[in-house]
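Trainee: The chain contents come next:
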Amino acid sequence: MSAELPARVNPIGRALSDAGVLAWRSLKRIPRTPDMLIYATIQPIMFVLLFAYVFGNAIPIPGFPGPRAYREFLMSGIFAQTMAFAVASASVGLADDMSKGLIDRFRSLPMARSGVIAGRVVGDLVFNAFVMLIMVLCGFIVGWRWHNGFGQALAAFAILLLFAFAMLWVGALIGLSVGGPEVASSAGLIWLFPLTFLSNAFVPTPQLPSALQPVAEWNPISSIVAACRHLFGNPSPFASPDGFPAQHPVWLSLIWCVAIIVVFAPLAVRKYRSATGH
Amino acid sequence: MGGLRHIQKGEVRMAAIEATGLVKTFKGRKTTVKALDGIDLDVPEGTVLGLLGPNGAGKTTTVRVLTTLMKPDAGTARVLGHDVVTEADTVRSLVGLSGQYAAVDELLTGRENLWMFGRLYRLSSQQAKQRAEELLATFDLTEAADRILKTYSGGMRRRLDLAGSLIAHPKVLFLDEPTTGLDPRSRLDLWQIIRDRVREGVTILLTTQYLEEADELADSIAVVDHGSVIARGTADELKAKVGGERIEVVVHDPGDTVRALELLTGALRIADPESTTLEEHTRRITVPAPGGSSALVDVIRTLDAADIRIADIGLRRPTLDDVFLTLTGHEAEQKESL
Chain A
1 MSAELPARVN PIGRALSDAG VLAWRSLKRI PRTPDMLIYA TIQPIMFVLL FAYVFGNAIP
61 IPGFPGPRAY REFLMSGIFA QTMAFAVASA SVGLADDMSK GLIDRFRSLP MARSGVIAGR
121 VVGDLVFNAF VMLIMVLCGF IVGWRWHNGF GQALAAFAIL LLFAFAMLWV GALIGLSVGG
181 PEVASSAGLI WLFPLTFLSN AFVPTPQLPS ALQPVAEWNP ISSIVAACRH LFGNPSPFAS
241 PDGFPAQHPV WLSLIWCVAI IVVFAPLAVR KYRSATGH
Chain B
1001 MGGLRHIQKG EVRMAAIEAT GLVKTFKGRK TTVKALDGID LDVPEGTVLG LLGPNGAGKT
1061 TTVRVLTTLM KPDAGTARVL GHDVVTEADT VRSLVGLSGQ YAAVDELLTG RENLWMFGRL
1121 YRLSSQQAKQ RAEELLATFD LTEAADRILK TYSGGMRRRL DLAGSLIAHP KVLFLDEPTT
1181 GLDPRSRLDL WQIIRDRVRE GVTILLTTQY LEEADELADS IAVVDHGSVI ARGTADELKA
1241 KVGGERIEVV VHDPGDTVRA LELLTGALRI ADPESTTLEE HTRRITVPAP GGSSALVDVI
1301 RTLDAADIRI ADIGLRRPTL DDVFLTLTGH EAEQKESL
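As they're listed, the protein sequences go chains A and B.
With our numbering, letter number 234 in the first sequence gets 234, and the count goes up by one each step, no holes.
So our numbering is basically just the index in the second sequence, starting at one, shifted up by 1000.
Take the hints with a grain of salt, since some may be wrong.
According to the in silico footprint, chain A covers these stretches of chain B (three or more CB under 8 Å from chain A) [what the hints assert, rightly or not]: (1) 1066 to 1073; (2) 1115 to 1124; (3) 1246 to 1257.
Here are the simulated lysine-lysine pairs, DSS-like style, with alpha carbons at most 30 Å apart [stated by the list, open to error]: (4) Lys1071/B - Lys1030/B; (5) Lys271/A - Lys28/A; (6) Lys1071/B - Lys1129/B; (7) Lys1150/B - Lys1129/B; (8) Lys1030/B - Lys28/A; (9) Lys271/A - Lys1034/B; (10) Lys28/A - Lys1034/B; (11) Lys28/A - Lys1071/B; (12) Lys1071/B - Lys271/A; (13) Lys100/A - Lys1239/B; (14) Lys1241/B - Lys271/A; (15) Lys1150/B - Lys28/A; (16) Lys28/A - Lys100/A; (17) Lys271/A - Lys1150/B; (18) Lys1129/B - Lys100/A; (19) Lys1239/B - Lys271/A; (20) Lys100/A - Lys1034/B; (21) Lys100/A - Lys1030/B; (22) Lys100/A - Lys1241/B.
Worth flagging that the hints you see were computed from the coordinates, not collected in a lab.
C-beta atoms are modelled at their ideal positions from N, C-alpha and C, and glycine is treated no differently.
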């Protein structure tokens, strides 16, 4: 226990234990920063109200007449956008740790290299699950429902959380690459707005200019949205109903999530190894 | 390895920290900065080395290399006989690091912070709890243990940060500017904590911008500038290099400066005119005063007898600025930090 060499520990057990300790840390922090939860939910709630009651009336859903069709269509887009914005919680959190010298301290400890990011990701995932719960309640209030049973709805929520998990690794890489928490916040979000608006989240892709249609239908966010609409049994119009995204929305969403994780998780861990506090 | 051989022979103390020819270059878009330009260090076990230098001299970079946070471009370093690059994991489990910023989680309590660091040092949950209690008591933080760190004062945070670096009973401790930004009272507290560790036999490498701090705590001092060690020795040896104490006189009448300097050179039997300075515009004369306060009396008598009016006079002890000025020919003021 003193300055003797540490006992040989199974490296996977060690990584899991370290990630567990850091996840504990993140969870402890959540109730101590209630304003985080408030700000994380205000923006999507505003989007729901804005689209459901203002823009929604001007956006017809092809093949689904009626005033409630747009709200049914909208909520999966809101869910996916909210989960995509998980990027910001990871990027701001890690940039903050870095500017305060905590990353240096963790790196000087005999802990697993993946521990800090993995712990952050797990903690943020729990946080985002809370946010999603609030958004689901919000959806119920504006009239959204699922129609294919609870099992399929659960599958949709699992995909949304998997997507948040994937996006958190992107956020980790951004957070460790930029200078400070303020930059991390905008660097984490600025590219997400065009990405979500160039998707099927708020506007049915058949209404987009034909040049943008393929982009919008293969967009990773669209794939998550389409998978959710499919599993919830909500309206899900496609510009090319015979294409792969329309035929296999769930598969495409899983492929995207795995691809993002496979690319960004190793990049983030590599960045952590060379990250410097100042 | 060299260190281990020494201790087997039982002749020399084992080197707890040894560094040879450390080089580290930072490449920016337009400029490259050589943060370390061949640093050599040798800290015997159980001693305190003060790394003294201005901002940007390479002190922090040296600590980062020795604590495995950064790989050197060239050179080697060993801590307790373990290479910091190839045996980084072992080194990390043997040393403690406390940085310039109190690197603790502001939203956790003192107890939670120490428990977390204990777990990351591979203690069991129970051991980590126990160790946290011990350290909280040692550092006089038991009362504040369940408060979130946001409510701590700067001195308390620093103490908690230092406590965090002592969890695994490290034999080697790296303290990067441990008292920068602290009020005098907290600084004294922290000095005492550091002395207690030395009494326990911990080897310490401490960086500081204050000669006084190195003077108080360090067995030997290495002065660093532009990434290399420009002088080594005890505090007294370094002060002697600067030339010891000096007397500063400001004469009242601008016309008296040259005559006053001539009189003082004679009265104090100053052999080397280079060791005196004369600033015409401030009417300030500086001369070496090997005799300390008795030389002060001589100066006043001499000037008074010559009817030269004194506007101000004082005995000055050497400061870090003087050490720097003497050793490098430039002021110790450099703002950029590496």
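Trainee: Look at each hint and say if it fits the structure.
Mentor: How the hints compare with the structure:
no.	hint	in the structure
1	1066 to 1073	holds (count 4)
2	1115 to 1124	holds (count 7)
3	1246 to 1257	violated (count 0)
4	Lys1071/B - Lys1030/B	holds (22 Å)
5	Lys271/A - Lys28/A	holds (26 Å)
6	Lys1071/B - Lys1129/B	violated (33 Å)
7	Lys1150/B - Lys1129/B	holds (21 Å)
8	Lys1030/B - Lys28/A	violated (43 Å)
9	Lys271/A - Lys1034/B	holds (22 Å)
10	Lys28/A - Lys1034/B	violated (42 Å)
11	Lys28/A - Lys1071/B	violated (34 Å)
12	Lys1071/B - Lys271/A	holds (14 Å)
13	Lys100/A - Lys1239/B	violated (36 Å)
14	Lys1241/B - Lys271/A	violated (45 Å)
15	Lys1150/B - Lys28/A	holds (14 Å)
16	Lys28/A - Lys100/A	holds (18 Å)
17	Lys271/A - Lys1150/B	holds (29 Å)
18	Lys1129/B - Lys100/A	holds (25 Å)
19	Lys1239/B - Lys271/A	violated (44 Å)
20	Lys100/A - Lys1034/B	holds (25 Å)
21	Lys100/A - Lys1030/B	holds (27 Å)
22	Lys100/A - Lys1241/B	violated (39 Å)
The earlier numbered hints that this structure contradicts are 3, 6, 8, 10, 11, 13, 14, 19, 22.
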